[in-house]
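There are 2 protein chains.
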Amino acid sequence: MDPDTPAPAPTAAVLLIGNELLSGRTQDANLQYIGTRLAERGIRLKQARVVADDRDVIVAAVNELRAAHDLLFTTGGIGPTHDDITTDSVAAAIGVEVRPNALARERLEAYASRRGYPLNEDTLRMARIPVGAALIDNPVSAAPGFWLANVLVMAGVPSIVRGMLDGVYDALPVGTPVGSVSVVVFDLGESAIAAPLRALQARFPGIDIGSYPGRVDGRLRVELVARSDDLERLALVERELQALVDALPAQRR
Amino acid sequence: MDPDTPAPAPTAAVLLIGNELLSGRTQDANLQYIGTRLAERGIRLKQARVVADDRDVIVAAVNELRAAHDLLFTTGGIGPTHDDITTDSVAAAIGVEVRPNALARERLEAYASRRGYPLNEDTLRMARIPVGAALIDNPVSAAPGFWLANVLVMAGVPSIVRGMLDGVYDALPVGTPVGSVSVVVFDLGESAIAAPLRALQARFPGIDIGSYPGRVDGRLRVELVARSDDLERLALVERELQALVDALPAQRR
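These protein sequence lines map, in sequence, to chains A and B. Read in order, the letters of the first sequence correspond to residues 1 to 253 in the numbering used here. Read in order, the letters of the second sequence correspond to residues 1 to 253 in the numbering used here.
Just so you know, these hints were derived from the structure itself, not from any lab. Note that the structure is a prediction, hence the values are computed from the model and not measured. All residues carry an ideal CB built from backbone N, CA and C; glycine is no exception. Mixed in with the good hints, there may be bad ones.
To be verified - Below, a sample of chain A positions facing chain B; criterion: calculated Cβ distance under 8 angstroms:
| id | residue |
| --- | --- |
| 1 | Thr11 |
| 2 | Ala60 |
| 3 | Asn63 |
| 4 | Ser113 |
| 5 | Gly189 |
| 6 | Asp208 |
| 7 | Gly210 |
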């Protein structure tokens, strides 16, 4: 391969599993962290899905998403209760058996013994791991996730997801990192910014430029964000964005 | 139809559109509200997806999700800037043109005039609406969403999404509402609860029983939630859940 041709960046999808995310009971707190870390790693997160605890639905989503992306990250459904069906569903999707795993059991036993918890049959359900999977460490509560084929299966509790993702981070494939620059405009709506911003985007078609409106303490606030893996051009765009903002009608300070 | 056979509940999907939701820049704050209100209305939210501002991706997702569900709700991408491509993408998916809409324009003009804002070509981009769509009122900043075929297109800013959804709520189809009951257990892990909970689920197969672990102020906390549209059986399950908790090893108060 031409050494000047960068390898295409790895792609990824996220599958958030749990009835509670669709019923309104629970606010997802995992996608943003996963998105942030994947961007740092240079992995392109293309899509996320939220599905219920339904085996057929999970199997179909796993197969569709893992076929279309280099990596698939799942969250949720690997605990000890009857509604935790992710392990079996992912194994079924990939076509392998789930079996008691000695290393996972050892970790659960050590954790329970340190804390004086009883260890029962249901605890040991969390030591059932698909054949051929590597364990993903759980630095919070011991019960591991796993990495099988191109699917990384993590817990649902946000602190555990962070620990698991941080633990596998160095083993993930690396892409050119996407840099991000931004400027903020107060007291003007997006309509007042749209024309020069469109012109800037036209001059830099390879840079992803976005405009994000909101309100802070009753004041209009628009954040203009540019993202690219071409950091040299991104630095150029940052100066252009600043010039664009400086040329807008005077803003209240 | 047998009058005792309830009509099947309407189903829905949500499509959250925006690069910023995948890059980690922005925490979605719309899915939980939409899920909560749809559950109240008796509409079954089956799936949510998060996709980038990419026309082909949006078109494909809209067509797939609207074919598989009674309703599809989208958020994001209907502002005045170049990265707001949802209106055109949804229109392309459904196969209709986008044209200037007199009523939408009137609202934008009235809003701008009340506030003394200038109205420019980019503001008026937000008055471009697919042919045949009904407007969805925006009580916050006037620029409307729209309802076209079975797709409801809303803004991305959470306060606007709430206003838009509340505004169309009474026009949505109605299903049997899903009730929810819950009990909370402190200082025990899920493993200690899994066996009696599994037995309870086996006795009430039609009731969706979930177990949601977490930590509050360093204490283990597990919430057991049962959901069903059969409110009589749900009341039974609520008593059973309470009995289950009462039979657990003593908890610290």
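| request: Hint by hint, work out which the structure violates, then give me just those numbers in ascending order. | output: 1, 2, 3, 4
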